[in-house]
Amino acid sequence: MENNNILVRDLCKQFDGFLLDHVSFQVPKGRIVGFIGENGAGKSTTINLILDELKRDNGQVQIFGMENTISSVREEIGVVFDECNFHDVFNTADIERILSGVYKSWDGSLYRHYLKKFKIPEKKQIGSFSKGTKMKLSIICAMAHKPKLLILDEATTGLDPVVRDEILDLFLEFIQDEECSIFFSSHITSDIQKIADYVILIHQGKIIFEEQKDDLVYNFGIIRCGREKFASISPDDYIIHRITNVSVECLVRDKEAVKRKYKDDVVVDNASLEDIMLFYIKGGAV
Amino acid sequence: MEIIISNSSDKPIYEQICMQIKNLIMNGTLSAGEALPSMRALARDLHISVITVQRAYEDLTRDGFIETVSGKGSFVAAQNREFIREEQLRAAEELLQKAAEIGRTHGISYEQMANILKLFYEE
Numbered sequence: 001m002e003n004n005n006i007l008v009r010d011l012c013k014q015f016d017g018f019l020l021d022h023v024s025f026q027v028p029k030g031r032i033v034g035f036i037g038e039n040g041a042g043k044s045t046t047i048n049l050i051l052d053e054l055k056r057d058n059g060q061v062q063i064f065g066m067e068n069t070i071s072s073v074r075e076e077i078g079v080v081f082d083e084c085n086f087h088d089v090f091n092t093a094d095i096e097r098i099l100s101g102v103y104k105s106w107d108g109s110l111y112r113h114y115l116k117k118f119k120i121p122e123k124k125q126i127g128s129f130s131k132g133t134k135m136k137l138s139i140i141c142a143m144a145h146k147p148k149l150l151i152l153d154e155a156t157t158g159l160d161p162v163v164r165d166e167i168l169d170l171f172l173e174f175i176q177d178e179e180c181s182i183f184f185s186s187h188i189t190s191d192i193q194k195i196a197d198y199v200i201l202i203h204q205g206k207i208i209f210e211e212q213k214d215d216l217v218y219n220f221g222i223i224r225c226g227r228e229k230f231a232s233i234s235p236d237d238y239i240i241h242r243i244t245n246v247s248v249e250c251l252v253r254d255k256e257a258v259k260r261k262y263k264d265d266v267v268v269d270n271a272s273l274e275d276i277m278l279f280y281i282k283g284g285a286v
Numbered sequence: 001m002e003i004i005i006s007n008s009s010d011k012p013i014y015e016q017i018c019m020q021i022k023n024l025i026m027n028g029t030l031s032a033g034e035a036l037p038s039m040r041a042l043a044r045d046l047h048i049s050v051i052t053v054q055r056a057y058e059d060l061t062r063d064g065f066i067e068t069v070s071g072k073g074s075f076v077a078a079q080n081r082e083f084i085r086e087e088q089l090r091a092a093e094e095l096l097q098k099a100a101e102i103g104r105t106h107g108i109s110y111e112q113m114a115n116i117l118k119l120f121y122e123e
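Chain order of the listed sequences is L and A.
Under the numbering used here, the first residue of the first sequence carries the number 1, and numbering increases by one thereafter.
Under the numbering used here, the first residue of the second sequence carries the number 1, and numbering increases by one thereafter.
Same shape as in the complex, but just chain L (with noise of 0.2 Å):
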């Protein structure tokens, strides 16, 4: 039984000045994966590479347990960028008459319950609606063909929080059925830490972690200390470390296990999905 949506290995690519690097990671069945980082950082060109629109140049792309077969498996996957390529002069019916017509699943009921859950206005022309009305309404279309496996790029980049939040509600709508998984890029990290169940973090063309999301909030951890503390605190406990002109800060993998160890003599404080991005981006340098 193959329990993974998506699993990707030493994906290779290699562009102008820029190199992917040997990226590997998995998406389980049920679950929604973050996938975080930088502009630039290789988000985009991995997901293209995973649906084929780029050439690889090396590694392994399995969809659903399968090799190389992107083409035969398209109906199941619904893909969503961050722009909304609909013609302005359409409405939502008209949408339904062309993808009904594209995908063999189609669900016109299943269309018509989201656009009317997510208040879709079904007469307007799409040229007027917002930017966030557009995007939800991309979701849901790539939704109402009942793919297994949503991959989206950017979706929730320059929304408001509201859309956002509505966009996350249709997210977990969607893996309500546990054969479903969702692959999500983004670089806002709050929306990753609300409904991610793993988070994969894309830095300069390499994965820097593949984590559980919960083990990254819930223990990792920032130690800040003045530089004198810092000299009796060992190497082994913290994996990155940043000196600033007043303080140290470190970032530690279990910070419940730093607390008990150096006790009152440092501040251990949560790290959140941002901070601990940040970390690993800038790195120590000083």
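By construction, these hints were calculated from the structure, which means they are not laboratory data.
Keep in mind it's a predicted model, so treat the numbers as computed, not measured.
For every residue, glycine included, the Cβ atom is placed at its ideal position computed from N, Cα and C.
Mimicking DSSO-like on lysine-lysine, the simulated pairs with C-alpha atoms at most 30 Å apart in a straight line are: (1) LYS148/L x LYS55/L; (2) LYS29/L x LYS72/A; (3) LYS261/L x LYS11/A; (4) LYS255/L x LYS11/A; (5) LYS98/A x LYS255/L; (6) LYS98/A x LYS263/L; (7) LYS146/L x LYS55/L.
A few chain L positions that, by computed beta-carbon distances, are all more than 12 Å from chain A: (8) ASP16; (9) GLN26; (10) ASN58; (11) PHE64; (12) ILE98; (13) LYS104; (14) ASP107; (15) SER109; (16) LYS119; (17) LYS123; (18) GLU154; (19) PRO235; (20) VAL258; (21) TYR262.
Knowing the structure of chain L, use the given hints to seat chain A on it.
For chain A alone, coordinates are given in the frame of chain L:
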């Protein structure tokens, strides 16, 4: 069923869910055999990840509060509430005894100790 989670609490969300469901079972709001919401539905309603709910349900199963039947969902386990309460009381007694020993050997007065306990209760 009502579950209220706090995002600013130091307690992990799975622990908050676990404690609240235990509470609901112990005070009789949820009775034996009653179905709990599915993990996925609860994740959706609380706007949190499925793994977080899964972890809470796993802890509840381990502690004997719920039973999970594959394909059917999770149910409040048939159990003796009195029995659980007694078990817990015994566990608390043990810890209090330890506290009393520390207090006696280091000259902490009973009043001081009782005040600490009171403080924890009100937390």
